[in-house]
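Just so it is clear: in the sequence shown, position 40 is 39 by numbering that gives the first Met the number 0, and no numbers are missing.
Simulated from the structure, these hints should not be mistaken for laboratory data. Note that CB positions come from ideal geometry on N, CA and C, so glycine has one too. Each hint can be trusted.
Derived Cβ-Cβ restraints for the label pairs, each shown as a range:
no., residue 1, residue 2, range
1, L30, N52, 30 to 40 Å
2, S14, K53, 49 to 59 Å
3, T93, K54, 57 to 67 Å
4, Y116, L87, 40 to 50 Å
5, K78, S43, 51 to 61 Å
6, F56, R95, 49 to 59 Å
7, F56, Y32, 29 to 39 Å
8, L73, S113, 56 to 66 Å
9, N64, E96, 45 to 55 Å
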Amino acid sequence: MVISPYRYVSTLLKSDLVDKLMNVNHSFSNLAYELHCTVQEIQSNLQETTEANKKNFNEVSVNVNELVESISQLKNETKEAEMLMNELNKTVETAREHVRLAEIAREEARRSFSSAYNDMQHIMGGRSILD
Numbered sequence: 000m001v002i003s004p005y006r007y008v009s010t011l012l013k014s015d016l017v018d019k020l021m022n023v024n025h026s027f028s029n030l031a032y033e034l035h036c037t038v039q040e041i042q043s044n045l046q047e048t049t050e051a052n053k054k055n056f057n058e059v060s061v062n063v064n065e066l067v068e069s070i071s072q073l074k075n076e077t078k079e080a081e082m083l084m085n086e087l088n089k090t091v092e093t094a095r096e097h098v099r100l101a102e103i104a105r106e107e108a109r110r111s112f113s114s115a116y117n118d119m120q121h122i123m124g125g126r127s128i129l130d
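With the hints as extra help, turn the sequences into a complete structure.
Below is the structure:
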């Protein structure tokens, strides 16, 4: 029979090739759909990550600006404190000089008094001024 080999070939073509090609076509359709879903999920995750990074960047930027402002303020306060310390040191040095001069004046006054007392005793003939 001549038809039988053609029928066999037809069956082979259908079962081995056409059905497999249909399965492959269906698999490609599923693969394309799954790839599309995966790409959308990746895109969504990247968008969320980008938004979170922007938020973090903005928060860090605000914190950095606040820190820079605080540092600047501290520098100004430090300069003011240094100026006050310099003025205080000058005042302390001036006070020390006044104390030194007062000690010299006291010593000169003590010497003058002692000399005057001795002169007075000499004038009075050695008698005490208090007698």
